[in-house]
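Both chains are given apart, each in its own frame, so use the hints to dock them into the complex.
For the protein sequence lines, the chains are A and B, in the order given. Here the first sequence is numbered in the numbering used here, starting from 39 and rising by one per residue. Here the second sequence is numbered in the numbering used here, starting from 58 and rising by one per residue.
Do not take every clue at face value.
[Unchecked claim] No more than 25 Å apart at the CA atoms, straight line, and that leaves these computed lysine to aspartate or glutamate pairs for DMTMM-like:
{"#": "1", "chain 1": "B", "residue 1": "Lys-164", "chain 2": "B", "residue 2": "Glu-113"}
{"#": "2", "chain 1": "B", "residue 1": "Lys-164", "chain 2": "A", "residue 2": "Asp-39"}
{"#": "3", "chain 1": "B", "residue 1": "Lys-138", "chain 2": "A", "residue 2": "Asp-39"}
{"#": "4", "chain 1": "A", "residue 1": "Lys-47", "chain 2": "A", "residue 2": "Glu-120"}
{"#": "5", "chain 1": "A", "residue 1": "Lys-95", "chain 2": "B", "residue 2": "Glu-62"}
{"#": "6", "chain 1": "A", "residue 1": "Lys-47", "chain 2": "A", "residue 2": "Asp-67"}
{"#": "7", "chain 1": "B", "residue 1": "Lys-138", "chain 2": "B", "residue 2": "Glu-113"}
{"#": "8", "chain 1": "B", "residue 1": "Lys-138", "chain 2": "B", "residue 2": "Glu-166"}
{"#": "9", "chain 1": "A", "residue 1": "Lys-47", "chain 2": "A", "residue 2": "Glu-113"}
{"#": "10", "chain 1": "A", "residue 1": "Lys-95", "chain 2": "A", "residue 2": "Asp-67"}
{"#": "11", "chain 1": "A", "residue 1": "Lys-47", "chain 2": "B", "residue 2": "Asp-96"}
{"#": "12", "chain 1": "A", "residue 1": "Lys-95", "chain 2": "A", "residue 2": "Asp-109"}
{"#": "13", "chain 1": "B", "residue 1": "Lys-164", "chain 2": "A", "residue 2": "Asp-78"}
{"#": "14", "chain 1": "B", "residue 1": "Lys-164", "chain 2": "B", "residue 2": "Glu-112"}
{"#": "15", "chain 1": "B", "residue 1": "Lys-164", "chain 2": "B", "residue 2": "Glu-66"}
If you're looking for bench data, these hints aren't it; they were derived computationally from the structure.
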Amino acid sequence: DSGVTQTPKHLITATGQRVTLRCSPRSGDLSVYWYQQSLDQGLQFLIQYYNGEERAKGNILERFSAQQFPDLHSELNLSSLELGDSALYFCASSPTSGGGDTQYFGPGTRLTVL
Amino acid sequence: GQSLEQPSEVTAVEGAIVQINCTYQTSGFYGLSWYQQHDGGAPTFLSYNALDGLEETGRFSSFLSRSDSYGYLLLQELQMKDSASYFCAALTGGGNKLTFGTGTQLKVEL
Numbered sequence: 039d040s041g042v043t044q045t046p047k048h049l050i051t052a053t054g055q056r057v058t059l060r061c062s063p064r065s066g067d068l069s070v071y072w073y074q075q076s077l078d079q080g081l082q083f084l085i086q087y088y089n090g091e092e093r094a095k096g097n098i099l100e101r102f103s104a105q106q107f108p109d110l111h112s113e114l115n116l117s118s119l120e121l122g123d124s125a126l127y128f129c130a131s132s133p134t135s136g137g138g139d140t141q142y143f144g145p146g147t148r149l150t151v152l
Numbered sequence: 058g059q060s061l062e063q064p065s066e067v068t069a070v071e072g073a074i075v076q077i078n079c080t081y082q083t084s085g086f087y088g089l090s091w092y093q094q095h096d097g098g099a100p101t102f103l104s105y106n107a108l109d110g111l112e113e114t115g116r117f118s119s120f121l122s123r124s125d126s127y128g129y130l131l132l133q134e135l136q137m138k139d140s141a142s143y144f145c146a147a148l149t150g151g152g153n154k155l156t157f158g159t160g161t162q163l164k165v166e167l
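With the rest of the complex left out, here is chain B (with noise of 0.2 Å):
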């Protein structure tokens, strides 16, 4: 089967730096995804990894180790509306199915 997991919370002060990681186990890998949801919201892209390596959009960064079935989203200078639930998802299936990681509770705290 798939799976992909993540650490259930984790904890940071505003302005800080944080990473959350995301381990997966599944077949007919295409890439890796990362979605925030706050709570009560819907799902929110905030980046795709097909190749190893960092990509790199304001803030977020994510990176990718295909070899090491392994990624993980950097954020930067938290602020307090990154208080959220963060998703890796692997992307499978010929490229058409999102399987969710259990999700990563984010609390950042003054």
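With the rest of the complex left out, here is chain A (with noise of 0.2 Å):
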């Protein structure tokens, strides 16, 4: 147990539907990270935030975008859902901004778009 949760399990919705994925980084840690896992994609780094300010941005969609709230929380928004947005969708943390830190993982969330 990583100590980062991730709410739900799993998700399955239809397409063009919006939905919202939750991530509670553990307990101390400042970083959030968001990555999405497919099986054509592989692993691929969303975006980062840290202590409530986005820091680092990767292949993310503009129909995606997500927050992190004062309680460090973050959430990941998915709008106008298309078929391959289905995915297994990490969130990892990490106690500072960068720098060689270890990321610690989320179970994950699957989401299933039909």
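Pasting the structure below:
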């Protein structure tokens, strides 16, 4: 158990819909990272927040957005969902803003878009 | 763009030693991490190399050569529970961004 929690564990929805994935980092960790893992794209970095502010951006679609709240939990919002958005979404956390910190991954949310 | 290449699959017997290679082409490289992922599970951190050379953690060792843009993960005394996918990941973008390799599926046989 990494100490990172993600809800929900599974999510099934239809194309065109919007969903919100939630992540609570390990106690004391200020950075939250979001990743997408799919069979064809592998494990891809989406975005990082550090202490409430966006710190780094990866291959995140414009239909996706994220935020980190004052209590440091984070939400990833996915809108206008397409079949290709079906994937495993991981959240990870680390103590600082980067520099080689170990990233601790949560159990993931499996999103299925029908 | 950023890319990291690994063999897709490696098979070895219990008790043996196996090496998983990773070559990378990235800009703003800070270091190389290794993660293990069992089927359906979350990636778990194994090691991180910021400098050239070998880092040892129990049965696992990781090596980095920045001049060759190359690293490897060495697993010794293989156990059945080591059967998993192993990912190298380059830390870039000011030390914030992890770009993962394609992953190597390790199968340990009796």
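Structure-based check of each hint:
| no. | hint | result |
| --- | --- | --- |
| 1 | Lys-164/B - Glu-113/B | holds, 22 Å |
| 2 | Lys-164/B - Asp-39/A | holds, 24 Å |
| 3 | Lys-138/B - Asp-39/A | holds, 17 Å |
| 4 | Lys-47/A - Glu-120/A | holds, 19 Å |
| 5 | Lys-95/A - Glu-62/B | holds, 22 Å |
| 6 | Lys-47/A - Asp-67/A | holds, 22 Å |
| 7 | Lys-138/B - Glu-113/B | holds, 19 Å |
| 8 | Lys-138/B - Glu-166/B | holds, 10 Å |
| 9 | Lys-47/A - Glu-113/A | holds, 14 Å |
| 10 | Lys-95/A - Asp-67/A | holds, 19 Å |
| 11 | Lys-47/A - Asp-96/B | holds, 15 Å |
| 12 | Lys-95/A - Asp-109/A | holds, 21 Å |
| 13 | Lys-164/B - Asp-78/A | holds, 21 Å |
| 14 | Lys-164/B - Glu-112/B | holds, 23 Å |
| 15 | Lys-164/B - Glu-66/B | holds, 8 Å |
When held up to the earlier numbered hints, the structure conflicts with none and fits them all.
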